[in-house]
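Peer 1: Below, each chain spelled out in residue letters.
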Amino acid sequence: MPFTFRPSVLALLSISLFLALWYGLAIYLNTITLPTPFVVANVLIDEINSGQLPYHLSKTLYRLLLSFSIAMLLGCAIGITLGRHKQLDCFFDNWLVIFLNVPALVTIILCYVWFGLVESAAILAVVINKLPNVIVTIREGTRALDKDLLDMAKCYRFSKSKTLRHVIWPQLHPFVMAATRSGLALIWKIVLVVEMLGRSDGMGYQLHLFFQLFDVASILAYTIAFVTLIQGIEILILKPLDKKAQRWRR
Amino acid sequence: MSQLAIHISDKSYINPANNKTKQIIKDLKINLNNNEFVCLVGPSGCGKTTLLNILANLDTKFSGSIELQPKHAQPKVGYVFQNPRLLPWRTVRENIQLATTAKPETLEFLLDSMGLANEKDSFPEHLSLGMSRRVSIIRAFATDPDLLLMDEPFVSLDPPTARQARQLLIELWTTRAHKVLFVSHDLREAITLADRLIFLSSSPMTVISEVPVTIPRKDRNQEIKIEQFRQQLFIDHPEITELL
Numbered sequence: 273m274p275f276t277f278r279p280s281v282l283a284l285l286s287i288s289l290f291l292a293l294w295y296g297l298a299i300y301l302n303t304i305t306l307p308t309p310f311v312v313a314n315v316l317i318d319e320i321n322s323g324q325l326p327y328h329l330s331k332t333l334y335r336l337l338l339s340f341s342i343a344m345l346l347g348c349a350i351g352i353t354l355g356r357h358k359q360l361d362c363f364f365d366n367w368l369v370i371f372l373n374v375p376a377l378v379t380i381i382l383c384y385v386w387f388g389l390v391e392s393a394a395i396l397a398v399v400i401n402k403l404p405n406v407i408v409t410i411r412e413g414t415r416a417l418d419k420d421l422l423d424m425a426k427c428y429r430f431s432k433s434k435t436l437r438h439v440i441w442p443q444l445h446p447f448v449m450a451a452t453r454s455g456l457a458l459i460w461k462i463v464l465v466v467e468m469l470g471r472s473d474g475m476g477y478q479l480h481l482f483f484q485l486f487d488v489a490s491i492l493a494y495t496i497a498f499v500t501l502i503q504g505i506e507i508l509i510l511k512p513l514d515k516k517a518q519r520w521r522r
Numbered sequence: 018m019s020q021l022a023i024h025i026s027d028k029s030y031i032n033p034a035n036n037k038t039k040q041i042i043k044d045l046k047i048n049l050n051n052n053e054f055v056c057l058v059g060p061s062g063c064g065k066t067t068l069l070n071i072l073a074n075l076d077t078k079f080s081g082s083i084e085l086q087p088k089h090a091q092p093k094v095g096y097v098f099q100n101p102r103l104l105p106w107r108t109v110r111e112n113i114q115l116a117t118t119a120k121p122e123t124l125e126f127l128l129d130s131m132g133l134a135n136e137k138d139s140f141p142e143h144l145s146l147g148m149s150r151r152v153s154i155i156r157a158f159a160t161d162p163d164l165l166l167m168d169e170p171f172v173s174l175d176p177p178t179a180r181q182a183r184q185l186l187i188e189l190w191t192t193r194a195h196k197v198l199f200v201s202h203d204l205r206e207a208i209t210l211a212d213r214l215i216f217l218s219s220s221p222m223t224v225i226s227e228v229p230v231t232i233p234r235k236d237r238n239q240e241i242k243i244e245q246f247r248q249q250l251f252i253d254h255p256e257i258t259e260l261l
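Protein sequences, first through last, are from chains A and B. In this text, residue positions in the first sequence follow the working numbering: the first is 273, and each later residue adds one. In this text, residue positions in the second sequence follow the working numbering: the first is 18, and each later residue adds one.
To be clear, the hints were calculated from the coordinates, so they are not data collected in a lab. Values in this document were obtained by computation on a predicted structure and should not be read as measured data. The beta-carbon is built from N, C-alpha and C at its ideal position, and this holds for glycine as well. There could be a bad hint or two in this list.
[Claimed, not checked] Label-pair restraints from in silico Cβ distances:
no., chain 1, residue 1, chain 2, residue 2, range
1, A, L289, B, E142, 40 to 46 Å
2, A, P442, B, G62, 31 to 37 Å
3, B, E244, A, S433, 51 to 57 Å
4, B, Q239, A, R356, 51 to 57 Å
5, B, P87, A, T353, 38 to 44 Å
6, A, N373, B, K88, 57 to 63 Å
7, A, W441, B, K88, 33 to 39 Å
8, A, E506, B, D161, 46 to 52 Å
9, A, I509, B, Q40, 53 to 59 Å
10, B, N32, A, N373, 34 to 40 Å
[Claimed, not checked] Partial pick of chain B residues on the chain A-facing surface, computed with a CB cut under 10 Å:
no., residue
11, L75
12, K93
13, V94
14, F98
15, N100
16, L103
17, P105
18, R107
19, E111
20, T160
21, L166
Chain B with its partners taken away, still in its complex shape:
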């Protein structure tokens, strides 16, 4: 059992056009419990992707700390980017194998469970966007990470495809649980997926409120319950209405 403590006291960048410093993240604290699925919700452009890049160690210019407790280690990260970012010159299977040392059986299981059994040897350019996104999700899961980051992985998919992908994601997550940070600006999507919602303000980004989602997982496919929860959310937390 482990916990992940994220504390970013300051992340700024200098605008090269006018040499002014802009603060993007200010005093942001998030704690993730074991196997918890957390959705970050906030207006677009508020710095969510910056936060994920910091967590993935792609951006190291910030002050703060990210550590797994109790062992005080850097978390190993699996990242599902907004674009699938697959290597177009490698097949689906090679793309996944390159990122992980997982056993072949695990890969087969993951590919099957995401409905890609027939596409193992295809090249990514021959897949639809929805399929490519699923491959990139498999790649992240296959690395067996301490923390899974997902940056709006279902954006710009048509609703049925997105719904199917969400369902597959949750099924996969139930069998192979991980701590997940899922970025979204679609509140319904966030409610469907998350154990807990974290609302973020923009410039500088900081946590406004945290709300646990109380709908049992088996009822999450009922649109009406999601909608009720959403309405109630606006009543209980009026501060979030202006974010969305």
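Pulled out of the complex, with its shape left as it was, chain A reads as follows:
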């Protein structure tokens, strides 16, 4: 393969092009609202050194992981139950549709109004926003389970936990991964809004502050830090998990 066609080289080229375009545009416009990549990089380094960015980033990350774990666990349990029981599914389907369509902002405001501007209300708001999506994805996966393999498990008297672990879970794996990926993307956006509206730390709070000061360089610096972090999760955790679970395929 020629040198320029290697995936790593291609990735580097495309990112360089992106930065070059950004730089060119910033120079051309010459405005305070679009700083050059160098200015942003400087701010990023300063913010990291001052400890501000790591502090707020870790707060946001903590909220993200906590609400994500709760939403995934609950969502898988409810999704599997609904997928396996037709009548329950018929009954609760309407609830799902309602929760799927309530705007994120409404749940956040209601949680803060009802439970106060506290940490648990913030987490709850994020979970409620994410949960219906997980349930729907896992329910579809459960409906598509292979009846032949379930019959086999029944015939050979597999226990419930054995059936779940060895027959159901591997079939749900692609659906769980899909829910995880879309979930991370959705949740971190919602977490920021939650923080902006009712917390005094975290990325969302900081961005709100920068917005009031019209400090675009800091906003971009925080964005870059966050995007890098999420990419890191994808490459270091999700991809290897995927690879391990797929090794039986031809």
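Keeping the supplied structure of chain A fixed, place chain B upon it in accordance with the hints.
Peer 2: Okay, now just chain B, sitting in the frame of chain A:
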């Protein structure tokens, strides 16, 4: 020593398209002696798989009884399905271990005797169909069941592979005998394998005739004897010709 008495007086199902009830099995009686290999022969679609699903307790909507005598117990069943139904995300060995509590030596013995010694840690998708079928046969034997059900396990294999698999099956069965109900629509295959043939009619399914296979087991690999027996069968039992 035990016997298995199967009596299914009625198995019907309602066609959801026109709400009509269709009777699939009517007054079917089969008795299996200890370690007997019985082949069920009948036209395809006559309800043989339904019968096996009832025996495996996968289908409980029927009237009748299935019990081991003399202890009046439900039989423990090993089922070789038409498709191997192995878990693709578990290795051959794990697939077998999940279904049984048999000792590791037993598993090794079974894998060796079915010619799968080198495939223990392979994933099922990497095996040929013939090999997967053998794994599913091992899984059924490993559970040490009261009754082994086999639903055309050699269908759609090429003739040499099928012959080899049949031979391995019989060798295994001779060392570890069980009551076997083997469904087939291939009369030659049935004669090669069985102690007794049971012919079934279609819609509703019921027993037409039962014929013991009198060829000694050591002569079963001679095609000519099988063919003679088959010809004689049609002469002695003219009622079965229209089934096949």
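Peer 1: If a hint holds in the structure, say so; if it doesn't, say that too.
Peer 2: Evaluation of the provided hints:
no., hint, result
1, L289(A) / E142(B): 40 to 46 Å, "holds (41 Å)"
2, P442(A) / G62(B): 31 to 37 Å, "holds (33 Å)"
3, E244(B) / S433(A): 51 to 57 Å, "holds (52 Å)"
4, Q239(B) / R356(A): 51 to 57 Å, "holds (52 Å)"
5, P87(B) / T353(A): 38 to 44 Å, "holds (43 Å)"
6, N373(A) / K88(B): 57 to 63 Å, "holds (59 Å)"
7, W441(A) / K88(B): 33 to 39 Å, "holds (37 Å)"
8, E506(A) / D161(B): 46 to 52 Å, "holds (48 Å)"
9, I509(A) / Q40(B): 53 to 59 Å, "holds (57 Å)"
10, N32(B) / N373(A): 34 to 40 Å, "holds (39 Å)"
11, L75, "holds (5 Å)"
12, K93, "holds (8 Å)"
13, V94, "holds (6 Å)"
14, F98, "holds (7 Å)"
15, N100, "holds (7 Å)"
16, L103, "holds (8 Å)"
17, P105, "holds (6 Å)"
18, R107, "holds (6 Å)"
19, E111, "holds (8 Å)"
20, T160, "holds (7 Å)"
21, L166, "holds (9 Å)"
Figure legend: structure checked against the earlier numbered hints; every hint is met.
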